[in-house]
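Number of protein chains: 4
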Amino acid sequence: MIVVMSVNASAREISDVIARIREMGYDVHLSEGKERTIIGVIGRGQPLQQDLLALLPGVQQVMRVTHPYKIASREYHPDDTLIPLNGIQVGSEDLAIIAGPCSVEDRVQIIETAHAVREAGATALRGGAFKPRTSPYAFQGLGEEGLQYLAEAREETGLPIVTEIMDPQLVPMVCQYADVLQIGARNMQNYTLLHAVGESQHPVLLKRGMSSTVEELLMAAEYILSHGNTRVMLCERGIRTFETATRNTFDINAIPVLKEISHLPVIADPSHATGKWEYVEKVSMAAIAAGADGLIIEVHLDPENAQSDGRQSLKPERFAALVEKAKQLAPVVGRRVAAPVTA
Amino acid sequence: MIVVMSVNASAREISDVIARIREMGYDVHLSEGKERTIIGVIGRGQPLQQDLLALLPGVQQVMRVTHPYKIASREYHPDDTLIPLNGIQVGSEDLAIIAGPCSVEDRVQIIETAHAVREAGATALRGGAFKPRTSPYAFQGLGEEGLQYLAEAREETGLPIVTEIMDPQLVPMVCQYADVLQIGARNMQNYTLLHAVGESQHPVLLKRGMSSTVEELLMAAEYILSHGNTRVMLCERGIRTFETATRNTFDINAIPVLKEISHLPVIADPSHATGKWEYVEKVSMAAIAAGADGLIIEVHLDPENAQSDGRQSLKPERFAALVEKAKQLAPVVGRRVAAPVTA
Amino acid sequence: MIVVMSVNASAREISDVIARIREMGYDVHLSEGKERTIIGVIGRGQPLQQDLLALLPGVQQVMRVTHPYKIASREYHPDDTLIPLNGIQVGSEDLAIIAGPCSVEDRVQIIETAHAVREAGATALRGGAFKPRTSPYAFQGLGEEGLQYLAEAREETGLPIVTEIMDPQLVPMVCQYADVLQIGARNMQNYTLLHAVGESQHPVLLKRGMSSTVEELLMAAEYILSHGNTRVMLCERGIRTFETATRNTFDINAIPVLKEISHLPVIADPSHATGKWEYVEKVSMAAIAAGADGLIIEVHLDPENAQSDGRQSLKPERFAALVEKAKQLAPVVGRRVAAPVTA
Amino acid sequence: MIVVMSVNASAREISDVIARIREMGYDVHLSEGKERTIIGVIGRGQPLQQDLLALLPGVQQVMRVTHPYKIASREYHPDDTLIPLNGIQVGSEDLAIIAGPCSVEDRVQIIETAHAVREAGATALRGGAFKPRTSPYAFQGLGEEGLQYLAEAREETGLPIVTEIMDPQLVPMVCQYADVLQIGARNMQNYTLLHAVGESQHPVLLKRGMSSTVEELLMAAEYILSHGNTRVMLCERGIRTFETATRNTFDINAIPVLKEISHLPVIADPSHATGKWEYVEKVSMAAIAAGADGLIIEVHLDPENAQSDGRQSLKPERFAALVEKAKQLAPVVGRRVAAPVTA
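Chains as they are written, first to last, in my numbering: chain F, 326 to 668; chain L, 326 to 668; chain D, 326 to 668; chain P, 326 to 668.
One chain only, chain F, in its complex shape (with noise of 0.2 Å):
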């Protein structure tokens, strides 16, 4: 952290400052210019909190020099984190590809989706069971027998299950069933959520809340690495924004700026990105042009009849177009499609 104090700052005010930052138990670097006086904070004590330093007399301003996450930091470490996932390592050259309705409707719904996106190439299989809507009027999951058939679903297909957590109570049940436990964008500073889901030790699908920036997704994975809980997967599915064109507006610049900054593997969500199905497959391709480590897609049997976001599934036939470009844009950008494991 650094101090600048101001041009005005007396010799009283900057020996204060640097008593202050001495008590948090950090030692200073005086550099005393012609016209003012910056203070570098040297060491590692307790977090500093950079606001109270603002207060003192004589500050004009506190830099902050290092970033606040640690453990989701490319520094702490270097190499691309890999998470297993129905055979591939998410993170790695293989792309992943998560796919299914928003909502598990019924049994038959989700067991026929799941055979027709693994057909189609799909990686895992998603579906909600707990469902976070704007309403409480609106359809709001099935609760555990969702869960149940999601696990039908996976006993005959293969497919492993993603599928979205909102009570932290629930974590122990919902983990008896899910394979990845899905953080919804509405929940991303949940941290009661966060801690239970660190503590579960379950892989972990983190979604970008909708108005956080890229730091602030980062620190929330933090607080799920902090448990020991490595295996958490960053998710951007679009931000809001003024532009009204589109649901939200697909952050496609916060790809490259994860892969460089973390070690995480991050996942992009066409479908909540755009909020139209015309516009998922053109986003998916540009979403592994900068650098995807995977997709989550919403796909329905029938859009034009879903309990929620019809109007961004797409059926399974369009799926499967998409599934085949992907197979061919990723040699370009040195990834590829494996086939699924799954018998």
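Do not take every clue at face value.
Remember, identical chains collapse to one label, so a pair may be satisfied in a single copy or spanning two.
[Stated by the list, open to error] Result set (SDA-like, lysine to any residue): computed pairs, CA atoms no more than 25 Å apart in a straight line: (1) Lys640 x Ala476; (2) Lys652 x Glu418; (3) Lys601 x Glu649; (4) Lys395 x Glu360.
Worth flagging that the hints you see were computed from the coordinates, not collected in a lab.
Given chain F, work out where chains L, D and P should sit, using these hints.
Here is chains L, D and P on its own, set in the frame of chain F:
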């Protein structure tokens, strides 16, 4: 809802849309123009999924005519909701002034602060025992011990307690100590928590999410209200924008908007909205001038040594000056700052 | 400027950065910590390109210590700038109240409106003759004819004229009619126009761009000020955010921020900031309470038939009520609404 | 347009709205539901002012059915617009690759760069002679001298010139040198400039404003098109959001959206969209994968000494690598990078 058919929609497409709407339990009203057909959806069945109709062939656009919240709307409840708090009715002529530290740090701090803010004219005491912090390495609050100190402070000063709740499981415990449950901005769409708080029947201060629209804030309130818990205060605390001169952008427009479309009281939080104590008084006055029903202000005995949010906390004497100013301003806009009931 | 070297920077990289800074005519101050070296840039050469230093090997981050505007800053000019307008000094205790229609529509309209707003207590008359319209098919203003009507309205009422200028070539012509040149939000970074207006030495009302930061607004002002034209009023008129309940989000925080860091007067535009006449009075009061030096309000004799912005225009009687309210509020915040000088 | 009357609207209010619509030269279609009346506006008179109808008593909401741009829409012009540039047709299978420095700095620089980018496969040369700079103290470009150097570079390499125009008065002069006139993001709604450029009949590269919607971009294009100048290329260059990890947020969704609703070619600018050269190649590939018709890339011989935008400029060898990658990617999405015609 209104379904606008495209200029080229065929008769068959139009009749299919009509059939679909009827299947959903609604009636239709047809408007056949020279250029295109427009279909009005009439009646009240189960919540209509606007998006699904948009998927039908020949449909250009589907437009919502009504808003999605009900109990929170002024049409449903034309009179202002009044919520008793320490002898005043929040939502009436009397302004509620909630003040206290960001975090409860120790017993002496919270009791002294309680005395100071009561002296200055506060209606209630705020203080966090469970803190949602961006970093897992930052101070997370004293937990139940903090609640016990808050209860002591109430005993000594008579000030009711407003405190944040993050874990749905802890609602019964927190209700034993708190007079008002605060839902923080990060948890505004934590539906598990909203349900638990709704069931508690305890008064709630619901903060707007940092990138939530006014409509989404009312939908979050609707979750609580739909459990029969009608004592919900809305809180505008600034939204996230591109501007970085202040911590957030205080959406002053939201105050008259919320007062017009909802009957629930609106509290302003200038501390979080600005992030700098220097601006808190001016923005507080602006909030009252715009029609807010009260303020929630961070006050700390020694901001330079605060465990959190010191940068935006007022010292007690500055808070007292703010209340004096509020007393002068209030009558101009038909309000008053009542003398506290507490002895 | 401060250059933070990365933890692994070599001695060679450090000395190269130092050499580069000296080449640019600056001196350096070295701070060698245990972990990393930090280089302070000292002195005042030509404007430093922060980005270029960031490209040098071994550099982790380059941080700016000073702000990029000079003449607009309060350090450069500690006292408030006062700008005479119809007998008051804008920036002093007296609030400036500028009112009138969005567009000049015809001779009778603007003269009648001028009388109405003068009666109600306006300081100056606004009215657009050149209109920046999103659509090329919308009414584009009366041009010079409109300016002539404005001049007639001034002759009859004594109210000075505030009118928008869009074309740099027309500055001399518009100056013949206008007392204050308005730069609209869309043109805040139209540098050709800023230069022309700067050279005119005419008073300027500079509107903040709809997605411009406070710093960028001051940089735009700097363009005008750097031509020796010091009579610049800044105008906060709402910024673009994700919220759609109002036309823009009024950044009330910007008022105390601008008053702190700059000496230029700040005018608030609640008409554009809300987009709906129902909210204009409340947000006007908020602006005054937050410390604005004046208001600019759209007033139309017959909003339902206005050529533009009818939705946000007040009828004269509502405007008169607003001014009455402002008269009551002003003394609470150390201001007053002066009786107009004009006979 | 559809006018939704409120539930309590009286018969008189309804008939008044109808009368008003007829006055404006439109016909109406009435849809009387059980709850409310909905009025469809039929026909094509002068542009309807939606806002004014919203002011009439009894009106709840006015909704637009059609988009406000005409000539820019795909309905008006179903086939892709093709714009010849150096032997290819922009908007066809052939990708346009425009490259060069942010600013023309001197004669040797621009000629050397032109050779380098032509070698690498560029279709056209970019370079700014008039620079819109946030600070009045920053390098403002070489002016006409810069244009002369660009013309020399074209003579030597055959590459057509793309250069920014800021001053409407200079359009005739700039047209003598430039092959394509660039309108920068800050000037997207500088209507005086749009008119002048429209009248020039010169090809235009129109950059999206940093907080402009896709619809506003098309409205700005409409200004140019309405002068009969049909050779307009749209350019997505990133929008302003809350994220600060990159200079802007590249709105990749905008590419398929624009290609669907408009017939104009879409060029992507990954240099401004990211602000850091490290991300330019990946985001360029994403843009092509999403369906862009071309790229505009900042290339500098010596970024560390660039007068502007060095941070985001590629060195020629990296640009050459990017073009190689584009050649591999293009066929996967039905495109190609043509060998330049120029000898």
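Tested hints:
1. Lys640 x Ala476: Cα proximity of Lys640 and Ala476: one copy only (22 Å, versus 53 Å across).
2. Lys652 x Glu418: Both: 12 Å inside a chain and 21 Å across chains, each within 25 Å.
3. Lys601 x Glu649: within (20 Å within a copy, 32 Å between copies)
4. Lys395 x Glu360: between (35 Å within a copy, 16 Å between copies)
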